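Participant: Sequence:
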Amino acid sequence: MVYMLNNVKKIRGDKKISQSELAKRTGITRQTISLIEVGKYNPSLKLCIELAEELDTDLNTLFWKVGEEDVE
444 MVYMLNNVKK IRGDKKISQS ELAKRTGITR QTISLIEVGK YNPSLKLCIE LAEELDTDLN
504 TLFWKVGEED VE
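Final position of the sequence shown in my numbering is 515; the numbers increase by one with none missing.
None of these hints come from the bench; they were simulated from the model. Since this is a predicted model, take the numbers as computed values, not measurements. Do not take every clue at face value.
[Said to hold, decoys possible] Straight-line alpha carbon distances no greater than 30 Å define the calculated DSS-like cross-link-like pairs of lysine-lysine that follow: (1) K508 / K467; (2) K458 / K508; (3) K483 / K452; (4) K489 / K467; (5) K489 / K452; (6) K508 / K483; (7) K508 / K459; (8) K483 / K459.
Generate coordinates for the entire structure from the input sequences, incorporating the hints supplied.
Facilitator: Pasting the structure below:
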């Protein structure tokens, strides 16, 4: 099974951006930001890109996956 982990909460906190402000900037709800931060919601690629842009970081820093088995 593959899990997607993220640094949204840490990076958002480091930049002193509230959940509400990030939600407003990306056009989603504060509750969705909260769910993303705790790993209960996997955002679309489009939303991942928007979050990375708003947090001034790259996708690989913001999100990564674990538990993927090598496929040959």
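Participant: The structure should be examined with respect to each hint, and the outcome stated for every one.
Facilitator: Hints and how they fare:
| no. | hint | result |
| --- | --- | --- |
| 1 | K508 / K467 | 26 Å, holds |
| 2 | K458 / K508 | 23 Å, holds |
| 3 | K483 / K452 | 13 Å, holds |
| 4 | K489 / K467 | 16 Å, holds |
| 5 | K489 / K452 | 19 Å, holds |
| 6 | K508 / K483 | 14 Å, holds |
| 7 | K508 / K459 | 26 Å, holds |
| 8 | K483 / K459 | 23 Å, holds |
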